[in-house]
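J.: Chains as they are written, first to last, in the numbering used here: chain A, 1 to 455; chain B, 456 to 649.
A few of these clues could be false.
[What the hints assert, rightly or not] Some chain A residues near chain B, calculated using beta-carbon distances under 7 Å:
1) Ala16
2) Gln39
3) Asp55
4) Leu115
5) Thr153
These aren't lab readings, by the way, just hints derived from the structure by calculation. Beta carbons are placed, not taken as given, at the ideal position from N, Cα and C, and that holds for glycine.
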Amino acid sequence: MKKTLFRKIWDAHLVADGGDGKSLLWIDLHLVHEVTSPQAFASLRAAGRRVRRTDLTVATMDHNVPTTDGPVEDPLAKRQLDALRENCDEFGVRLFATGSGREGIVHVIGPELGLSQPGMTIVCGDSHTSTHGAVGALAIGIGTSEVGHVLATQTLPQSRPRTMQVDFVGTLPFGLTAKDMVLAAIGELGVAGGQGHVIEYTGGPIRALSMEGRMTVCNMSIEAGARAGLIAPDDTTLADLAGRPAFVETDWSDLHTDDGAEYDTVRTIDVSSLAPQVTWGTNPGMVASIDAVVPDPAEYEADARAAVERALRYMDLTPGTPLRDIRIDKVFIGSCTNARIEDLRAAARVVDGRRVADGVHAMVVPGSAQVKRQAEEEGLRDVFERAGFEWRRAGCSMCLGMNPDVLQPGERCASTSNRNFEGRQGAGGRTHLLSPAMAAAAAVTGRFADVRELA
Amino acid sequence: MRPLRSVSGNVAVLDRPDVDTDQIIPKQFLKRTERAGYGEFLFFDWMKDPEFELHRAPGASILLAGRNFGCGSSREHAAWALEDHGFRAVVAPSFSDIFRQNAINSGLAPIVVPADELVRVKAAVAARNELTIDLESLRIVHPDGLELTFELDPHAQETLVHGLDDVARTLQREAEISAFEVTYVPRFDLAGIS
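Modelling step: build the complete structure from the supplied sequences, incorporating the hints.
T.: Have a look at this one:
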């Protein structure tokens, strides 16, 4: 039988095949963080269960850690971080705690440490677990009950998802990035277009991406509603993973979709004429090219119109306004989507020799302690700080605003993160998603700008 | 988890697509380490608006929602908040995959009803705000005569109707897990990380 990459990974991990019903899937790597795990550990404790495979379970602190120096001042955040430490001690789980030098956003450190490898099944109590699909793994975001289930059994009951191929064709124009590709794809598919599916991204533009770029693409699979997103491993993958601390060489030769294997759904996206993307609304599918204007709700079908009207009201935008005329208050370069070394380099290239515009507050939050160290060694920190950016410690930070890094009501932010939902970065805050280079361009001009014109 | 054989009661209507879990329970309430007590924070920001639809049906136990309900963040707190607030079922044309599973694991029934049928249900509850959802017979019944069936996979139905703990069920399959595990070799080397 000809199989998709997804199906090969699925079949290799079946503990019990439920056919069209629930199957039981073995999990190769379970990543844990402070926010979605305390109730799961509590359920284990209450039932007298242990963590079945501590050797396959790894924890870090990321969601609510402060990104400034000094102690955790929020008592609730401190309690949650302390709970993770105590739970990891009690159950014997390896923890990369703040200050260990290995900490960072869970979806940055997994690939960075070489934990995430091709052909694996990976879960985490976080929707952006899809990131790890970039190495050719089946990586699924789960809820807290499921976290408890995986801790106790190292398995996950799953109905087999459908498969979708998102085939990128054409040549990505100069100055465009993985973020532009995936935002455009979400604009095409819609925020529920991937529901019930695992997406495999294919095509020349995907092959041309670095591992960082592939992670950006897979990361946002969930924003199209997909169960997961993955990319078949190749030489780029091997070159990136070899030498990473937890890396173990295995045979990947079969980790690709067989010629003639069929996907349930196929979508093609031509990137040849793609322009840099910026979101204007309150979900990631509400996205347009930098050359576009704020859309008119009247142009939408009746069932979508109310949502667009509501989004524009929340975003305080008037139809017909060029995106380039929208002024911003804050810039956030960070998150599991875009806080890896390549992302920081791309932003630094734009920022170098320029200044953050008057009245704009801009910050860079590296994705991990290691990314931070490397960026400092490469002189990127100096570039950002000379330009007037704040340089912070690693964490999820203003992507979701669980720590003190939040937007104030009414503030407008150019953000390299993944969600522009109402209040996502702080109650009343307005988020526009874009690439790191585009965020840097917005920082130095004070409004959205086509980064290619700053080159 | 409380068993859920059927739910009868008032209905709240939230007629918006793509309601994300950030709206259902904003991030500032995710710092708690308990599983209970999230109900008072349900739709925290939207509840501040006196015109918000949920204010029209206080005490409702069934929520009629738009397509792709519960998209975005995997926070199970969203399902906990709905359940703790008094909802036992959400009826929508579609749910995000993660939310749907979280709801089942929280004793909150996610019921998929096609959009055109949902219009009929809304019309019926607009005339008389009352509805019964029977999880055993997989039927939705309105006292004025509207009746329709829905699908729910047997595993989810069993979980909800009997209030089952998925972990306990899986641990009954220990033989199969052990059989897989006996030849299993970890795919990464945790000891390699200093």
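J.: Go through the numbered hints given earlier and state which of them the structure violates, listing their numbers in rising order.
T.: Violated hints: none at all, because every hint is consistent with the structure.
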